[in-house]
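Asker: Residue strings, one per chain:
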Amino acid sequence: MSRGIVQYIILRALMIIPTVLVLYTIVFLFMRVLPGNPILAVVGTKNIPPEQMKHLMHIAGLDKPLYVQYFDYLWQLLHGNFGVTLAFPMGVPVSDYLKLRFPATLELTIWSFTISIIIGLITGTIGAIKKGTIVDTSMRLYSIIAYTLFIPWFGMILQYIFGVWLHVLPTSGRISPNVNLHTITGLYVLDSIITENWPALVSSVKHLILPSLTLGIVLSGAYTRIVRNNMVEVLNQDFIRAYKARGVKDWKITWYALKNAFIPIITLMGLQFAILLGGAILTETTFNWPGMGTFIIDRIEYRDYNAIQGTVVFFAFFVGLISLIVDLIYALLDPRVKY
Amino acid sequence: MELVQVRNLKTYFPVRIGIIDALKRKKLFVRAVDGVSFSIKRGEVFGLIGESGCGKTTLSRSVLRLIEPTEGEVIFNGINILKLNDEEMRKIRKSMQIIFQDPYSSLNPKMKIGEIIAHPLIIHGMDKKEAKEQVLQMLGKVGLTPEKEFYERYPHQLSGGQRQRVAIARAMVLNPEFVVADEAVSMIDVSMRASIIELLEEFRRMYNLSMLFVTHDIAIARLITNRTAVMYLGKIVELSETKTLIDNPLHPYSRALINAAPTISRKKDFKVKIKGEVPNAINPPEGCRLSNRCPFASEICKKEEPELVEVEKGHFVACHMT
Amino acid sequence: MILLSSFLLKPINAIFGNKKGRGYFIAGLVIVSIVVLMAIFAPFIAPYNPTAITMDTFSPPCWKHIMGTNRLGQDVFSRIVWGSRIILYVVLLASSLSMVIGIPSGLISGYYGGKLDRILSMVMDSIYAFPALILAIVIAVVLGPSPINAAVAIAFVYVPTYFRMVRGQTLSLKSQLFVEAAKAIGARNREIMFKYILPNLIPTILVVFSLSVADAILTEAGLSFLGLSVTPPTPDWGYDLRVGQAFFLDGYWWLAFFPGLMIMLLAMAFALIGEALNERMTSR
Amino acid sequence: MLEVEDLTVYYYTSKGVVRAVEGVSFSISKREWITFVGESGSGKSTVAQAVIRLVPYPGKIQGGKILFNGKNILELNKKEMRKLRGREISMVFQDPMTSLDPLRKIGDQVVEAMTEHGVDEEEAKKRAIKLLKRVNIPEDRIDYYPHQLSGGQRQRVAIAIAAALEPSLIIADEPTTALDVIVQESIMELLQELKNSGTSIMFVTHDISLAFERSDRIAVMYAGKVCELGRSEELVSNPIHPYLKALLDSVPDVHSDKKVKAIPGNPPDLRNPPSGCRFHPRCPFASEICKKEEPELVELEKGHFVACHEVV
Amino acid sequence: AQNNKVQNKTPVENLQKSNAIVIGVTDKVTDLDPANAYDAFTWEILENTMVGLVKYKPGTLKIEPALAESWEVKNNSTVWIFHLRKGLKFSDGTPLTAKNVVWSIERVMRLKGDPSWLVTDFVKKVVAENNTTVVFYLKHPTSYFLALLTTPPYYPVNPKYNPNKIDSDQTAGGAGPYKIIKFIRGQEIVLEANPYYFGMKPKTKKIIIKFYRDATTMRLALQNGEIDVAWRTLRPSDVLSLEKSNFNVVKVPGTYIRYLCFNVVKKPTSNVLVRKALAAAINRKEIAEMVYRGTVEPLYSLIPNGMWSHLDVFKKYGDGNVKLAQELLEKAGYSKNNPLHIQLWYTPTHYGDTEADLAQMIKTQWERTGMVKVTLKSAEWGTYVDYARKGQMQAYLLGWYPDYLDPDDYTTPFLSSTANSWVGTGFANKTVDTLLKKAQEIPNQNERAKIYEEVQKILADQVPYVPLVQGNLFIVTKPNVHGVVVGPDMVMEYSYLYKVS
Ligand SMILES: Nc1ncnc2c1ncn2[C@@H]1O[C@H](COP(=O)(O)OP(=O)(O)OP(=O)(O)O)[C@@H](O)[C@H]1O
Ligand SMILES: Nc1ncnc2c1ncn2[C@@H]1O[C@H](COP(=O)(O)OP(=O)(O)OP(=O)(O)O)[C@@H](O)[C@H]1O
Ligand SMILES: [Mg+2]
Ligand SMILES: [Mg+2]
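Protein chains in written order, with this note's numbering: chain A, 7 to 345; chain B, 526 to 847; chain C, 1007 to 1290; chain D, -18 to 293; chain E, 188 to 688.
Mixed in with the good hints there might be a few duds.
What the hints assert, rightly or not - Pair by pair, the computed Cβ-Cβ distance ranges are: (1) C:1205 <-> D:78: 25 to 33 Å; (2) E:453 <-> C:1205: 53 to 61 Å; (3) A:335 <-> E:670: 54 to 62 Å; (4) E:641 <-> A:57: 30 to 38 Å; (5) D:253 <-> A:147: 33 to 41 Å; (6) D:107 <-> A:335: 28 to 36 Å; (7) A:273 <-> C:1267: 51 to 59 Å; (8) C:1036 <-> A:277: 25 to 33 Å.
What the hints assert, rightly or not - Here are the simulated lysine-lysine pairs, DSS-like style, with alpha carbons at most 27 Å apart: (9) A:258 <-> D:106; (10) A:137 <-> D:106; (11) D:114 <-> B:800; (12) E:347 <-> E:503; (13) B:635 <-> B:657.
Since the hints were derived computationally from the structure, they do not count as laboratory data.
Predicted model, so just to flag it, every value in this text is computed and none were measured.
For every residue, glycine included, the Cβ atom is placed at its ideal position computed from N, Cα and C.
Based on the sequences and whatever the hints tell you, model everything.
Answerer: This is the structure we're talking about:
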């Protein structure tokens, strides 16, 4: 059994590789088909002699044929190396940036994710239990509205209300610049707890509230919907009526129903996480959150091939990892799953 | 004169296994049909009974090559249909048809009743006008009147019994020589079953049809079939005239099956107890497949597989003990 | 409007009767129709030239400018009206593109199975699992800002949605008895796919279409928010929102508020329609 | 022990009110096995569910009385009802595949049925093992999940749960329809054993032969009403209502060569049931009065009730 | 008033705050290695943490001694000899000698980073005669060599810098007034006063620079009290509204210019009449007003206002001179029915959010003639530059930050046919080439001025470029922050900043 799990994990992990390859290839192809390159972005309107241009292209490895570049980068990836940046500045390992930026995105997504799940579970369960009533209808409307909120717009309104008008929450950044925090994991909340730095904890939590609320509420819509629908379905099943026929208490039945309804939701959670990362881009831009989203947008401006490829590949890995974890949770929770 | 001959037919399904086994190239099979031979005469209704999962459906589909059998021969009118190519197979389908168990999923919900019945004709080259005429006639024959009105309806506007009539009409409109009816009445309401059986019987008589009639209800088998085979775990364990079989079952499994059937005509006196439930067809027991459940099983049953032998004229049994 | 609604209500009643979801459907349809009409009759509805730069800058909503004017003295309402063209154009073009590619490939992949299916599924799943907005941004940036390029970028990320849905449904329909019945009467594969399977996919396709259009609207807005959809002065909701956002804090709330509201309303309208269709389909 | 009077249940669907059960009265005494037969949609399940007050949404018990040991169940509050369920009356559902929680071990589910009614954990565990043994489930299966059991085994677990607190009445709604005959046989025997040990059984089936085999009394339902009710041998040997006659004629039998005859026509739409006797459109003997007046259920012979104008 | 709320949180926070000033910027620090850094804001950081042989006197264009106490020029401005101060030290206490200066400059020459041409184009050889003497041997006479010396590629860097590789994240710095104590890319950089600095002690010990993605969030941060100073680059509208609400706004003339380029080789802009017409149609005042809300000045030459030799050569076309434009276009063969079709390119992010508005404004102004139809096109920076270099655009918007403050840096890169390939206008003019060469070599400023005036006149006649506006710099601070000093090189001197509580 346990050996089975280990093997399963390994094999399941290997399945991430094709995903990464597909995305790398797509991004590589798209980026090279059209004019422009990172060296030009760096050189910009500066008066640089042609030989030096050539020299820079050579350093960046952009003078090689495309297929060589393709496989070169792949080869680097195989060694766990994401390459170096090609613009502003040149030559910094992309992984340095990832190390710096990823925890920010992770922290934001974890909080948003938690918020969305909690809201989704509560509203969805209430809707399902009160099926057909006005409460149900309003939960469903909530779900649709939340889902279709446009993040920058919603974020802006929250910023205005809490940042400018009520003046109670910071509207940008991760932590107040006056607070010193020794970072260990890069997750500020966690770090400040580990180092028992309470001002930092207060500051980082305050900074987190608005962005994660924005993203969390927007994403909760999907959960509300699916939790409600699954709950309705489960509540209709025979075993729920069987529980009732046995005289099991109502709250227990709701709990069992929720457990059953949760199983299909787990699958959604994996996919939702990808959407979450997408939403993080807009959230990060709105709240000046120094994460991966803002990083990739900055890098795109310079067409920093390696940085973009690296980020995409990293995201692909990450998404793959999440879906692996989701699968494992699924397998753990659902006794019917065989692996 | 035998219309259909099935010889040593085997149909295995690869089992969906976890990715680990898949990578180890461990292959597992459900031996749904595992070496079955029988033949059906012209104008005969051949019954197939057995518990759920014993392979009845698989067998009946394999005979029509709707599933590709793993091994064996199906000889129809002297031709081994398993050797035909796609186009030849398509042509021969005209003379062999099937009626399914579930009247709800066997009709395309997006087609009108008329189109459903007309489509086989059109596929086999009839023009639309002529086809419509034929379909209207057919609707009358299966009792869906007024025909014009039913022609325009969609399946969801029909009751289960009516749908099954449509399915019968679709099968019969091509004038087949051989029809497979896979539990054709088991999902129909009790009070309607009789009429569907009557309808099938009528067609059989009119066209001298041969039929393979699959059911798990022995009472129904008695009603319509001439000969019957009892299946257990992918194998035929007993085959005989239906009445002989019911009145004088020889195989312990047949006996249990017949005894378990509820009846009004007499109070049950004894039971042949068969313990437990059908084992899975991936790893069937060695020897006789019933050996682990059979109250009469002896040593030999656990080792050797019994052959189907003719114990009386036309009465075949596969059991070491008889 | 009354004429239109009576004209529309008939088919709605036919589909929904007095079933639940009808209200959602009508609400969604009304908003979508308004926006579509706005797009079609933009020259007649918009009171001003949406691109004309005037000295009347930052006028708050008033009778002359019901949604005010922006930093360049352009009428916000006129820009909203004209902007509906771009977003509808991009989103509908993108959705059609992804359907045209996604549906047949899903159908073939699901029906025939085999190696092709495995490869296609792997590629599609990879794209599907990846954050759509990020991929769309990368593609849109590389292709350059133009409505068609934005549509291509969006279409690219939504192909897998259709593919997966169609493939999954095809797989389950393939095992339905009526497909087997079609085989039994000697129908060809092509016939089975297009006469037996495809018509049964249409309701689901409609649902997925409405929901993915709702989603694509937000993606489009995201792209144009990042300046990747159109070049100014073409009116565009996402872009106007982005530019207006800068002035939000100065109290010029109308610059960003209205475009954002429209984005939400339009996305919501499609989501409502999708939700209603979905409900109708599942409650048989 | 259980007396049902004038039970009426309607379903308020968006397409109209389904008058699923109307004016049904019957009683069950201790240690009795009563079976409800009838074709699909005749309201058998609805009656069964009403007795334990579990009529699914959008159904509503419209009127009548359900007296259990003299107390009207319909007047109990939620908590009292909860206490009654499982302890006094329990239920076995049709589909064994879906009537157990797929995420919990069967042992836990059996134990819970008892602990919810105040049995302490230890005791419940001990009894669970015994119970499972009694329904022929090996002890080691206690940690299995439902999907690891076959359909018959699951149904046996469901019965074990239903019987856990030795209730006075077990309602079994077509517990064997999804199972094979051999398995069906074993389930029926299990119910018989329960009956022998003192529990009353309310059994629901559409198979008249099955009904005949073990029940003490049979109630035949047609379109939401009971049309004939009596001791089982009596009903089979001497059917009176035209519907029951037709029904008996329409089912084949393994051990006889009788020809079967279909009942003409279709079952009525209960949103809009026929006037008068609900069977009259399909009845060969129907006269004018049948179209107008609803026949009452009258006791023709001792314990043999029939609702038909023609025979009364 | 709102800010107090946040400030008076905890005594600890307050204490820290008075010793530190937080500056917000939307720029990035790209590269802490002077051998590769080549953008305005990074240079600002380098100039505050390093120092060269000479520097600008704070807030002026006058060059004063820095590491070098004195210098001599020999051999027709081709040999420059510098004498260092005694006892110089890097910010970590390591002694700084002439050898370090030479090592650093040679390193720049060797590594061939982006700005290395500022050294390699001029310096043939640099030698340390002894511990305190550095001698430069130049390739050709360069009258403005001192201006070059103020740029970071000439700064001595700490020996910790990697000798063979560009060292982008090296925070060891040089010998400037501050040292870097923390650097997180894209988030913040923290500076602390350098105890070994030879010059004035900074007024504020600690400077924290926070990086923002866009002006709006930076502005919010200022309003929220998260930063004390909002520096590069607030949006014009933000500046105006912040000024209204109690913040200090400091305005500094910048040497940063915006201009429009024409492709003089390709049709239709190869026709000088077309170029002149389009130049005449442009209304700089309207641009400054509507697009930049009055935060920039109209510019009528490539050489900025206030720099010697500047002439308003483009005034002759007027501002928004539709009539002249129409006449010229008619002469070029266009009419209302046969309008000139032209594509105007811009890049959406590199020059900030206002860029699209600028393009729209120019489009409107040109179309006012009724004889021009403009299509706006845009491309991201990396692509835009490629298009420019390849000469693929007809009319396009660019901007220029000077490398060194000399008229040469505003003329040669644009007009010299050997130096302007990067810009892609295809402009080549023999007379201009010789004039520019001559101006580089003669040391006398008056003589040089005359030459640059002549060049500007040719520019206005040929119109390969249309100067548009010259930037002002705005620094918005909280009311209690003082001492904002920004030089004409647009670098803020952090050491003068201070806060009163
Ligand atoms: N497509 C398939 N893939 C894998 N296994 C299958 C497939 N179809 C059937 N089987 C397995 O083959 C065995 C025989 O199935 P089959 O449907 O033929 O039985 P049956 O006798 O018709 O049962 P029922 O009475 O339930 O219809 C079963 O164990 C079933 O699980
Ligand atoms: N949840 C429900 N909503 C609406 N109508 C219902 C519902 N459940 C049952 N009905 C209707 O009530 C009537 C009686 O149904 P019931 O389930 O009691 O019949 P049954 O005799 O048990 O039939 P079957 O043999 O099919 O189980 C039917 O007409 C049915 O359509
Ligand atoms: Mg079958
Ligand atoms: Mg029922």
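Asker: None of the hints should be skipped; say for each whether it holds.
Answerer: Here is how each hint holds up against the structure:
Checked against the given bound of 25 to 33 Å, the beta carbons of residue 1205 of chain C and residue 78 of chain D, roughly 31 Å apart, stay inside it. Roughly 56 Å separates the CB atoms of residue 453 of chain E and residue 1205 of chain C, a value that falls within the hinted 53 to 61 Å. The hinted window of 54 to 62 Å between residue 335 of chain A and residue 670 of chain E holds, with their beta carbons roughly 58 Å apart. Residue 641 of chain E and residue 57 of chain A have their C-beta atoms about 32 Å apart, which keeps the hinted 30 to 38 Å range intact.
Range check, residue 253 of chain D to residue 147 of chain A: Cβ separation about 35 Å, and the 33 to 41 Å hint holds. For the pair residue 107 of chain D and residue 335 of chain A, the beta carbons lie near 34 Å from each other, so the given range of 28 to 36 Å is met. Take residue 273 of chain A and residue 1267 of chain C: their Cβ atoms lie about 33 Å apart, and the range 51 to 59 Å is violated. The hinted window of 25 to 33 Å between residue 1036 of chain C and residue 277 of chain A holds, with their beta carbons roughly 31 Å apart.
Between residue 258 of chain A and residue 106 of chain D the alpha-carbon distance is near 19 Å, which keeps this suggested pair within the 27 Å criterion. Distance hint between residue 137 of chain A and residue 106 of chain D is unfulfilled; the C-alpha atoms sit about 36 Å from each other, more than 27 Å. Annotation: proposed proximity of residue 114 of chain D to residue 800 of chain B holds, straight-line Cα distance about 15 Å (limit 27 Å). Annotation: proposed proximity of residue 347 of chain E to residue 503 of chain E is violated, straight-line Cα distance about 55 Å (limit 27 Å).
Distance check on the hinted pair: residue 635 of chain B and residue 657 of chain B sit about 18 Å apart at the alpha-carbon level, within 27 Å; holds.
Checked against the numbered hints given earlier, this structure breaks hints 7, 10 and 12; the rest are met.
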